[in-house]
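K.L.:
If you want the building blocks of each chain, they are given just below.
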Amino acid sequence: MAKQSNGRLSSPQELEALRASIIKTGDAQKPCITVCGGTGCHSFGSEGVADAFEQEIKRQKLGDKVDIKVTGCHGFCEKGPVVVIKPKNIFYQQVKAEDIPEIIAETMVKGKIVDRLLYTDPATGKKITYEHEVPFYKEQKRLVFGSNGLIDPAVIEDYLAIGGYTALAKALSMKPEAVIAEVKKAGLRGRGGGGFPTATKWETCRHAEGDTKYIICNCDEGDPGAFMDRSLMEGNPHSVLEGMVIGAYAIGGHEGYIYVRNEYPLAVKNAQIAIKQAEKLGLLGKNILGSGFDFNVKISRGGGAFVCGESTALMASLEGKVGEPRAKYVHTSEKGLWEQPTNLNNVETWANVPLIIKNGADWYGKIGIRGSQGTKIFSLVGKINNTGLIEVPMGVSLKDIIYGIGGGIPDGKKFKAVQTGGPSGGCIPESLLDLPVDFDELDKAGSMMGSGGMIIMDENTCMVDIAKYFVNFLEGESCGKCLPCREGLKRMSQILTDITEGKGKEGDIELLERLSATLIDTSLCALGSTAPNPVLTTLRYFRDEYEAHIKDKRCPAGVCKALVTYSIDEEKCPGCGLCVKACPSEAITDMGKKKPVVLDQEKCIKCGACYDVCNLGAVIRK
Amino acid sequence: MVKLIINGQEIQAEEGTTILEAAQDNNIYIPSLCHHEEVTAYGACRLCLVEVTKNGRERLVASCLYEVAEGLKVKTDSERITANRKMLMELLLARCPNNKAVQDLARKLGVEKTSFKLDDNDCMLCALCVRVCQEVVGVSAISLVNRGVDRALATPYFEDSNVCIGCGSCAYVCPVDAIKFEDVGDTRHIYWPNNKMEFKLKKCSNCGRYFAPQAQLDYIIKKAGLAPDAFDKCPDCRD
Numbered sequence: 310m311a312k313q314s315n316g317r318l319s320s321p322q323e324l325e326a327l328r329a330s331i332i333k334t335g336d337a338q339k340p341c342i343t344v345c346g347g348t349g350c351h352s353f354g355s356e357g358v359a360d361a362f363e364q365e366i367k368r369q370k371l372g373d374k375v376d377i378k379v380t381g382c383h384g385f386c387e388k389g390p391v392v393v394i395k396p397k398n399i400f401y402q403q404v405k406a407e408d409i410p411e412i413i414a415e416t417m418v419k420g421k422i423v424d425r426l427l428y429t430d431p432a433t434g435k436k437i438t439y440e441h442e443v444p445f446y447k448e449q450k451r452l453v454f455g456s457n458g459l460i461d462p463a464v465i466e467d468y469l470a471i472g473g474y475t476a477l478a479k480a481l482s483m484k485p486e487a488v489i490a491e492v493k494k495a496g497l498r499g500r501g502g503g504g505f506p507t508a509t510k511w512e513t514c515r516h517a518e519g520d521t522k523y524i525i526c527n528c529d530e531g532d533p534g535a536f537m538d539r540s541l542m543e544g545n546p547h548s549v550l551e552g553m554v555i556g557a558y559a560i561g562g563h564e565g566y567i568y569v570r571n572e573y574p575l576a577v578k579n580a581q582i583a584i585k586q587a588e589k590l591g592l593l594g595k596n597i598l599g600s601g602f603d604f605n606v607k608i609s610r611g612g613g614a615f616v617c618g619e620s621t622a623l624m625a626s627l628e629g630k631v632g633e634p635r636a637k638y639v640h641t642s643e644k645g646l647w648e649q650p651t652n653l654n655n656v657e658t659w660a661n662v663p664l665i666i667k668n669g670a671d672w673y674g675k676i677g678i679r680g681s682q683g684t685k686i687f688s689l690v691g692k693i694n695n696t697g698l699i700e701v702p703m704g705v706s707l708k709d710i711i712y713g714i715g716g717g718i719p720d721g722k723k724f725k726a727v728q729t730g731g732p733s734g735g736c737i738p739e740s741l742l743d744l745p746v747d748f749d750e751l752d753k754a755g756s757m758m759g760s761g762g763m764i765i766m767d768e769n770t771c772m773v774d775i776a777k778y779f780v781n782f783l784e785g786e787s788c789g790k791c792l793p794c795r796e797g798l799k800r801m802s803q804i805l806t807d808i809t810e811g812k813g814k815e816g817d818i819e820l821l822e823r824l825s826a827t828l829i830d831t832s833l834c835a836l837g838s839t840a841p842n843p844v845l846t847t848l849r850y851f852r853d854e855y856e857a858h859i860k861d862k863r864c865p866a867g868v869c870k871a872l873v874t875y876s877i878d879e880e881k882c883p884g885c886g887l888c889v890k891a892c893p894s895e896a897i898t899d900m901g902k903k904k905p906v907v908l909d910q911e912k913c914i915k916c917g918a919c920y921d922v923c924n925l926g927a928v929i930r931k
Numbered sequence: 003m004v005k006l007i008i009n010g011q012e013i014q015a016e017e018g019t020t021i022l023e024a025a026q027d028n029n030i031y032i033p034s035l036c037h038h039e040e041v042t043a044y045g046a047c048r049l050c051l052v053e054v055t056k057n058g059r060e061r062l063v064a065s066c067l068y069e070v071a072e073g074l075k076v077k078t079d080s081e082r083i084t085a086n087r088k089m090l091m092e093l094l095l096a097r098c099p100n101n102k103a104v105q106d107l108a109r110k111l112g113v114e115k116t117s118f119k120l121d122d123n124d125c126m127l128c129a130l131c132v133r134v135c136q137e138v139v140g141v142s143a144i145s146l147v148n149r150g151v152d153r154a155l156a157t158p159y160f161e162d163s164n165v166c167i168g169c170g171s172c173a174y175v176c177p178v179d180a181i182k183f184e185d186v187g188d189t190r191h192i193y194w195p196n197n198k199m200e201f202k203l204k205k206c207s208n209c210g211r212y213f214a215p216q217a218q219l220d221y222i223i224k225k226a227g228l229a230p231d232a233f234d235k236c237p238d239c240r241d
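Note that the protein sequences, when read in sequence, are chains A and B. Numbered per our numbering, the first sequence spans residues 310 to 931. Numbered per our numbering, the second sequence spans residues 3 to 241.
Don't take every hint at face value.
Result set (EDC-like, lysine to aspartate or glutamate): computed pairs, CA atoms no more than 16 Å apart in a straight line [as the list claims (entries may be wrong)]:
{"no.": "1", "chain 1": "A", "residue 1": "K931", "chain 2": "A", "residue 2": "D878"}
{"no.": "2", "chain 1": "A", "residue 1": "K860", "chain 2": "A", "residue 2": "D830"}
{"no.": "3", "chain 1": "A", "residue 1": "K904", "chain 2": "A", "residue 2": "E879"}
{"no.": "4", "chain 1": "A", "residue 1": "K397", "chain 2": "A", "residue 2": "D430"}
{"no.": "5", "chain 1": "B", "residue 1": "K56", "chain 2": "B", "residue 2": "E72"}
{"no.": "6", "chain 1": "B", "residue 1": "K202", "chain 2": "B", "residue 2": "D188"}
{"no.": "7", "chain 1": "A", "residue 1": "K644", "chain 2": "B", "residue 2": "E69"}
{"no.": "8", "chain 1": "A", "residue 1": "K637", "chain 2": "B", "residue 2": "D188"}
{"no.": "9", "chain 1": "A", "residue 1": "K708", "chain 2": "A", "residue 2": "D743"}
{"no.": "10", "chain 1": "B", "residue 1": "K88", "chain 2": "A", "residue 2": "E572"}
{"no.": "11", "chain 1": "A", "residue 1": "K405", "chain 2": "A", "residue 2": "D430"}
{"no.": "12", "chain 1": "B", "residue 1": "K88", "chain 2": "A", "residue 2": "D830"}
{"no.": "13", "chain 1": "A", "residue 1": "K367", "chain 2": "A", "residue 2": "E411"}
{"no.": "14", "chain 1": "B", "residue 1": "K119", "chain 2": "A", "residue 2": "D430"}
{"no.": "15", "chain 1": "B", "residue 1": "K5", "chain 2": "B", "residue 2": "E16"}
{"no.": "16", "chain 1": "B", "residue 1": "K119", "chain 2": "A", "residue 2": "D817"}
{"no.": "17", "chain 1": "A", "residue 1": "K447", "chain 2": "A", "residue 2": "D467"}
{"no.": "18", "chain 1": "A", "residue 1": "K667", "chain 2": "A", "residue 2": "D376"}
Please keep in mind that the hints were generated in silico from the structure rather than gathered at the bench.
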């Protein structure tokens, strides 16, 4: 193969030759066991599963016949560790190390399916054999995220084999302006929170005056319950890197940074490996693919401050200063990192770029809906059957996501609200479940797309308590620089705490609304100006719950301890003693067989253990 | 020079100046606490917010940071601005209910009491002292530590600073008198909200009075390359 002496590819032709040789060496029909190594599956013990596979393959001397690959996150975290056997895509879930000899003996040697490891569709009760037939996956469109399951993130050859860096070669053959025009035509909007048109940002940065221009990838994902960017960076770092190189070429930048939080060690590691591999092959560094274009990427590890996800605070942190935001009256695309024009996009945005360049804006524009083209990755968490990462074309309804892909609410409970957009997003009620999920519709509902968090809440959720939770989170993460955010969130939290403790007063709701208006109008950065969203949306859709807490001193969901009392229904209680055993504070006394138990209110800590354990409805919660 | 309109009045200002500076130059009052012409604008107190109209779009901006532009229309008072300023003052008053400067400004802006629970601070974390110490004095002896509601003004680790020269610029610039200093005998005492330090004063070789911290004089001599005995006498006894 014709390569530069140093091993770097010096032309698109050399890249294609290398790709061809990789594909030729591999055998597409050779069975390959892929074990999900994403964070969810890892915490379920996928590392042990992968080790067990390797040992068993070795023991049975099957190395020539079976490949094993630890991949990035497959998304179905609820059922981890997930194992998919290719090329047929046999889908085994909740696999344990002790299941491995059986999988090898049955499936790999005899070609039989191990029934007990299959996924059962809760709707039909039927076992499902193949990954693409599992409802969780069937309803998705996994353009950005789907490759995670196909590749070992630490092996660049895997990425090349599925067409990686084709888009880069194509972009380098285009004029930079044409690359921007293509991204503009595709309608790509930032996936990190703001939804700002990506090409407009690129254009401004390209035309801005400066000695040098910086390209940044924001991997400082910090929303509670969100792990989209993490899983992309861990599972397919080259797709992000490829997007960055294309963007750098379009903008005319030669220096890049990946700002990734240090709490994501695997993301840091895989990004480091990806950079080294790309540099070695001439896909990064000097004279990329012989085009004359230079671009270097460094990794900067963040200390885990939520506010550092805000672009100006992130840049301050990158400069080695305290991560505090500054006013953006002059955009960072004109004056950002070290006062130079800087283009910052988030992980998912960058990962969309190669798709657009490779397949064209026309293809991309057909996915999603007008104004919100393309797909979006969401982390579906909370009270939902199928917890995990999902990718859908924008414009699908909340209902389709929650009841289709998500499989509905566990334990037959009723849906109450979905919080979208992370802590500073809003809570959307059941009446809006037909809402199409796109940037503008979520805004109109008082919430936002944000970076794609989706927290599902069931009927047992108190919406005042939820607002308090998010406000407390933001209070803890406010940098404290500007007065409205620092002092305002503190007061908001105090008022909400009072309401949940039965100390709410007439006028509290109005005060919360006035305070919210000032936070929106006067905060220095988006952390403060969007922080009231959880309060305002819960007030908008669940005002009666606030009123019940304040006026009637009652928590309708039975969550706020100070407003809840437990008692025993003597008619219903057969004295079985289950609650006596469950009570951690010895507040319930067994009075003998067939006699109702007695609950001592003085000792009761209102934990609800008795309520949860009683199947006869003999514990009353008021 | 650019022309802009503040409250209907046409004003000329040099390019690169902020709305607040332009207004002050033309005797138009905009309240502010964290701004000082000698240090970099910070935009923390938000009291100086004004409404600007640009390309037909109205928005609230901090006038200490927003630069003037040709044809810019600015309102320094409107219902929206007043409502926000009052809320900001309520928040500030809850933080510093016993501080006279805060009380006075609150009254001036029409706020007599706060709707929130009362704390008892003097410092309102505007960072003017920090910026003066860093940018004017050049020693960075104090900074704002911790995040969010735990934010506080402090020397490193709340211990005695080994770079502080006891000049008292921090106390001088504080808009709400949260930092105090006094000279007693041969010692200067500086009281920050969270810690205090003492500095030995230099005695005038002529009249014998104590006139400035030794550390400050040493610092000036070193910075300006003066003779070691440049400050042997107090300002009154110098030629």
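K.L.:
If a hint holds in the structure, say so; if it does not, say that too.
P.N.:
Okay, the hints, checked on the actual structure:
1. K931(A) - D878(A): Holds. K931(A) to D878(A) sits at ~12 Å (cutoff 16 Å).
2. K860(A) - D830(A): violated (30 Å)
3. K904(A) - E879(A): Within the cut-off at roughly 8 Å; holds.
4. K397(A) - D430(A): violated (19 Å)
5. K56(B) - E72(B): Holds, at roughly 10 Å.
6. K202(B) - D188(B): holds (6 Å)
7. K644(A) - E69(B): Roughly 14 Å separates the two Cα atoms, so the pair holds.
8. K637(A) - D188(B): violated (48 Å)
9. K708(A) - D743(A): holds (6 Å)
10. K88(B) - E572(A): violated (41 Å)
11. K405(A) - D430(A): Not satisfied, since the Cα-Cα distance of roughly 20 Å exceeds 16 Å.
12. K88(B) - D830(A): holds (13 Å)
13. K367(A) - E411(A): Between K367(A) and E411(A) the Cα gap is close to 15 Å, so the pair holds against 16 Å.
14. K119(B) - D430(A): Since the Cα atoms of K119(B) and D430(A) sit roughly 53 Å apart, the hinted pair is violated (cutoff 16 Å).
15. K5(B) - E16(B): holds (9 Å)
16. K119(B) - D817(A): Holds, at roughly 13 Å.
17. K447(A) - D467(A): violated (24 Å)
18. K667(A) - D376(A): Judged against 16 Å, a Cα distance of about 29 Å means the pair is violated.
Violation of the numbered hints given earlier is confined to hints 2, 4, 8, 10, 11, 14, 17, 18; the remaining hints are satisfied by the structure.
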